[in-house]
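Chemist: This is what each chain is made of:
2 protein chains.
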Amino acid sequence: MIRKLFLAPLLFSTVFSYSQTKDEVFIRRLADEILHNGQAYQNLRTLTKTIGARLAGSPQMYAAERWGYDLLKQSGSTRVYKQPVMVPHWVRGGKDECIALPAGGKKKPLQVIALGNSIGTKNVALTAAVVMVHNFEELEQRKNELRGKIVFYNYKFNASFIRTFEAYGDAVKYRSQGPSRAAKYGAIGVIVRSMSHSTDNEPHTGMLSYDSMFASIPAVAVGLKDADWLASEIGKHAQLKLSIKTNGHFLPDAEGHNIIAELKGSEKPDEYITIGGHLDSWDNGEGAHDDGAGITQTIEVLRALVALGYQPRHTIRFVLFANEENGARGGKQYATAAQSNREKHILAIESDAGGFTPRAFSFNCSDDQFEKAKGWLPLIGPYGCNEFIKGGGGTDIAPLKDQLGTPLCGFLPDSQRYFDLHHAASDIFENVNKRELELGAVNMAALVYLVDRYGF
Amino acid sequence: MIRKLFLAPLLFSTVFSYSQTKDEVFIRRLADEILHNGQAYQNLRTLTKTIGARLAGSPQMYAAERWGYDLLKQSGSTRVYKQPVMVPHWVRGGKDECIALPAGGKKKPLQVIALGNSIGTKNVALTAAVVMVHNFEELEQRKNELRGKIVFYNYKFNASFIRTFEAYGDAVKYRSQGPSRAAKYGAIGVIVRSMSHSTDNEPHTGMLSYDSMFASIPAVAVGLKDADWLASEIGKHAQLKLSIKTNGHFLPDAEGHNIIAELKGSEKPDEYITIGGHLDSWDNGEGAHDDGAGITQTIEVLRALVALGYQPRHTIRFVLFANEENGARGGKQYATAAQSNREKHILAIESDAGGFTPRAFSFNCSDDQFEKAKGWLPLIGPYGCNEFIKGGGGTDIAPLKDQLGTPLCGFLPDSQRYFDLHHAASDIFENVNKRELELGAVNMAALVYLVDRYGF
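Heads up: the sequence lines are chains S and Z, in that order. For the first sequence, the working numbering begins at 1 and goes up steadily by one. For the second sequence, the working numbering begins at 1 and goes up steadily by one.
Among the hints, a few may not be true.
Unchecked claim - Capping the alpha-carbon separation at 25 angstroms, the derived lysine-lysine pairs in BS3-like fashion look like this: (1) Lys374(S) <-> Lys390(Z); (2) Lys390(S) <-> Lys390(Z); (3) Lys372(Z) <-> Lys268(Z); (4) Lys49(Z) <-> Lys225(S).
No wet-lab data here; the hints were simulated from the structure.
For reference, chain S alone in the conformation it holds in the complex (with noise of 0.2 angstroms):
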């Protein structure tokens, strides 16, 4: 261990002309409030190990919705309420299967996860030799060979982006588009390499996206040892069969709610801050990185702005999203409303990347917003979120972008690890770290202050 201190960085030069000194003060006390006092762990635990999994249309949803709405009740908002979304309702229906069936070697049973409102095989298992193809080029050059079969797609995420999300963005393709792309030639069923770089071999589900031109087909995900077991094997034997066997399928919608939390402005009451994380989550693991943690930052900075006796001057809005997962229709619903009632949005700021430890804001906005953003700088960077750069938002508040023409902020944590645990059994409790997740809400505290306190 090292035993020499370091002082806190001066590194930003940026001028900014705010009053420095109240600023520092208060967003020190919003740190020290939520560091000591801090409920967002707890209130985790309780979100993951007494409720769990809460995809859209389960009882754990409903569960869930209780659970947000008496939280933020209890944490001081002057009013509280639940605006009604018809969701989407699928079910994984069972156990998904799939078994490698060499010809002339020992069946091997692979580590699988039906990818997310993919159709199933009505728990039938559907057998077929395999084609593997590392992206669509290659595809597009076998075309003639998929008919009857199962692809294979073996893209492997891409080490080089230091920031996982790119690697992210450059691989879903093959989850979102690749069953589509596949059934277009005839193939039967689709098994995809999952999105991550992690050191296990838990599969990562996650949505996809049928073409109506092409028929819908049955889609797996596999987990990376296995997915090179395979990629290896298939090199042996040209006419390995996979045996398919998921049960995933399509109830009829469900009412889902955004859980909203007000804090009223003083000033202008008619502008709205609107701040949140998405409440469903995958039905495997815990939904805790994805989006416990944003779920929970939320309701922490609602709690210590209360316990501060913060006054805003601007309406302050916590919006726990229904639905983001397999179909975003909380979001919509909330910019859908938002526009009917005429309000006037000034930023909307999303926690939906992970609980880890704070690096960055990303803003969607005017270069003048921006400009203003980073004379903030100083005042939030000792906390952790030391780069403010452009684009970005979330998936729940984009909408509000798209229809309003809302400002979006997104709040971007350390990426390392996330995709580790994204959407796969391993994203629970136990993989986040206390002090990462409370960090996060600090920045996230003194990110709603600052817009609150000198407008965007």
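Assemble the complex: chain S is given as a structure, and chain Z must be docked to it using the hints.
Modeler: Positioned in the frame of chain S, the structure of chain Z alone reads:
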């Protein structure tokens, strides 16, 4: 999860006049080599799982030396050698025990571990009433109550410090000086709250320093949950006793070694750049973050430079230091040898703050040198270390500064999780993330390259 991507930041405006394109390209190649072909994670698995804990003087110390020597050779060094150094040989001598005996209450075993270098009770129960103090001021106020008692230092890690090394620096005096300051007033034993903010109950060891003016008394650290329980019980039972049984003692000093590899400089072979970590660890856990990470990163920097065929201008030394934890004799020996050989060292870099995601480098150097280093921020920042701060260094390299005036540099990864694990049984391989470990090596390699290319 967030679906929107964001672009790499372009925040740094510092003007720099180096051949940016060539340097950018080479650092990108270093990163790709480490992120795609990296050996650090597998090497760390071997060090932690095959050899394990490796306190100075132990058989595992010698096994680790052999492992390090062989690996440095395999990694392509032109010269590898062992630099002998006599190291202390403290042994725990069995399992440490502490039982709380409330007057009339139920006995409760507490999770404790003897402090490093402490004397033991010779495996005989040392039983006495306990006096709890929260700090040295309270100790002084109650100095007349301490004779024949066991002092419980219940000073909490201060959550307000954003960088946790500052909380450690604030609290660690109760571990290092606490025993002698209690012995001064006749106390016969010490139990100290672990230097941590973890959510578990693991006790954290670490070195104490006896003041030869006073009696040496046995001392243990206690896990945080048991510390809180003990504080609460002391409130209820004024006469609570503790019974401590430990067996720590010193054997004769042993001959250990710094393991040193060189890449000889082509232009200035007599000017050295040192990069290293420490090979020893405490005897609990596996010394994975502390400092298996620094060791495997150091070796990875060598491997990557060699793999790319890099010909250094200066001689680069890769040093696996002996005995950082309970003597720091390896670092002292290295500086002493450098001094007697009249070596010129232009910079020494240490990685001993864990294998977490990279955030900063700290520089203990002149203002001019610091300005020069800051010119490299645009090249290194995109890989994680986007803050260069003044101060710091590392325990193993500090003697180079003291004896030769060498500038120092400490690698500073994110610190939030470090003291959850530091010196505890939980500092194991499973708690190191592959990407985070590798990115540390990337940042270190980039810095070594730039220092070699442009001097310091």
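Chemist: Please go over all the hints and tell whether each is borne out by the structure.
Modeler: Each hint, compared with the structure:
no.	hint	result
1	Lys374(S) <-> Lys390(Z)	holds (23 angstroms)
2	Lys390(S) <-> Lys390(Z)	violated (29 angstroms)
3	Lys372(Z) <-> Lys268(Z)	holds (20 angstroms)
4	Lys49(Z) <-> Lys225(S)	holds (21 angstroms)
Of the hints listed earlier, the one the structure fails to meet is number 2.
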